[in-house]
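Mapping of the sequence shown onto our numbering: residues 426 to 580, in sequence order.
Simulated from the structure, these hints should not be mistaken for lab results. Just so it is clear, the structure is predicted and the values come from calculations on it, not from any experiment. One or more hints might be untrue.
Stated by the list, open to error - Think about it this way: if two alpha-carbon atoms lie no more than 16 angstroms apart in a straight line, the pair counts; the simulated EDC-like pairs of lysine to aspartate or glutamate are:
1) Lys578 x Asp480
2) Lys578 x Asp478
3) Lys578 x Glu486
What the hints assert, rightly or not - Pairwise CB distance ranges, derived in the manner of DEER restraints:
4) Ala510 x Ala435: 16 to 24 angstroms
5) Val443 x Asp523: 50 to 58 angstroms
6) Val452 x Pro570: 47 to 55 angstroms
7) Val541 x Lys516: 12 to 20 angstroms
8) His472 x Leu509: 53 to 61 angstroms
9) Leu445 x Glu574: 29 to 37 angstroms
10) Asp523 x Asp461: 50 to 58 angstroms
11) His472 x Phe547: 53 to 61 angstroms
12) Ala510 x Gly571: 30 to 38 angstroms
We treat Cβ as the ideally placed atom computed from N, Cα and C, and that holds for glycine.
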Amino acid sequence: MVYADIVLWAVFGPVALVALAFSVRAVIGWMGITRDAHEDFDYRTQHGMIPADVDRGAFVETYRRINGPRTSTYAALALWSVLLATPIIAKILEVALDLLWQASGQSRVFEPGYLVWAFFIFFGLFGAWAAIAYVFARRYHAHTPGRLEDELKSL
426 MVYADIVLWA
436 VFGPVALVAL
446 AFSVRAVIGW
456 MGITRDAHED
466 FDYRTQHGMI
476 PADVDRGAFV
486 ETYRRINGPR
496 TSTYAALALW
506 SVLLATPIIA
516 KILEVALDLL
526 WQASGQSRVF
536 EPGYLVWAFF
546 IFFGLFGAWA
556 AIAYVFARRY
566 HAHTPGRLED
576 ELKSL
């Protein structure tokens, strides 16, 4: 059991550190973006670079949506989702495989701990991780904003 705990930390430890790094990067990025938006609004207003019908609130909201650290935010959320979902997915796979083993009349082919069992767990986890990555990548690309000028024209 000690070996399994070491392997668990050897895998999840680095993933948690990367998720933490992305989280810190996202928080730092989001902290300064509102200030930057107000400064950019003032500059663009002074130089006549903003349509007259765009107010400060709409500009700041649009600026944050376009220039915010989306990549770091989505990467952090995806990695934390993987870390939190893995034990749940592993338990679901274990229960499903146990039901399969029981349904097969406790066949030695599906016996817990053997090769077929290990392959189901291995590929089930990787499939679930790929599905989580797919969901976040699809959402990331589906909600990608356009250029600031184009977004301001559409307000």
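Against the 16 angstroms threshold, does the CA-CA distance of lysine 578 and glutamate 486 hold or violate the hint?
holds, 14 angstroms
Against the range 12 to 20 angstroms, how does the distance between the Cβ atoms of valine 541 and lysine 516 compare: consistent or not?
At roughly 19 angstroms between Cβ atoms, lysine 516 and valine 541 fall inside 12 to 20 angstroms, so the hint holds.
Given a hinted range of 50 to 58 angstroms, is it respected by the beta-carbon distance of aspartate 523 and aspartate 461?
About 54 angstroms separates the Cβ atoms of aspartate 523 and aspartate 461, which means 50 to 58 angstroms holds.
The hint says 53 to 61 angstroms between histidine 472 and phenylalanine 547; measuring C-beta to C-beta, is that right?
Because 59 angstroms falls inside the window, the suggested range holds.
Does the beta carbon distance between valine 452 and proline 570 stay inside 47 to 55 angstroms, or does it fall outside?
This hint is violated: roughly 20 angstroms between Cβ atoms.
With respect to the beta-carbon atoms only, verify the hint that histidine 472 and leucine 509 lie 53 to 61 angstroms apart.
violated, 47 angstroms
I want to verify a distance hint. Is the separation of the beta carbons of valine 443 and aspartate 523 within 50 to 58 angstroms?
violated, 33 angstroms
Between leucine 445 and glutamate 574, does the beta-carbon spacing fit 29 to 37 angstroms?
Once the Cβ atoms are compared, 36 angstroms apart, the range 29 to 37 angstroms for glutamate 574 and leucine 445 holds.
Does lysine 578 pair with aspartate 478 here, judged by a C-alpha cut-off of 16 angstroms?
Distance of about 10 angstroms is within 16 angstroms: holds.
Confirm or reject the claim that alanine 510 and alanine 435 have a C-beta distance inside 16 to 24 angstroms.
holds, 19 angstroms
Proposed proximity, aspartate 480 with lysine 578 (alpha carbon, max 16 angstroms)
It holds: about 12 angstroms lies between the C-alpha atoms, which stays within 16 angstroms.
That 30 to 38 angstroms hint for alanine 510 and glycine 571 (C-beta), does it hold up?
Holds - the Cβ-Cβ distance for alanine 510 and glycine 571, about 32 angstroms, lies within 30 to 38 angstroms.
Going through the hint list in order, the structure does not satisfy hints 5, 6 and 8.
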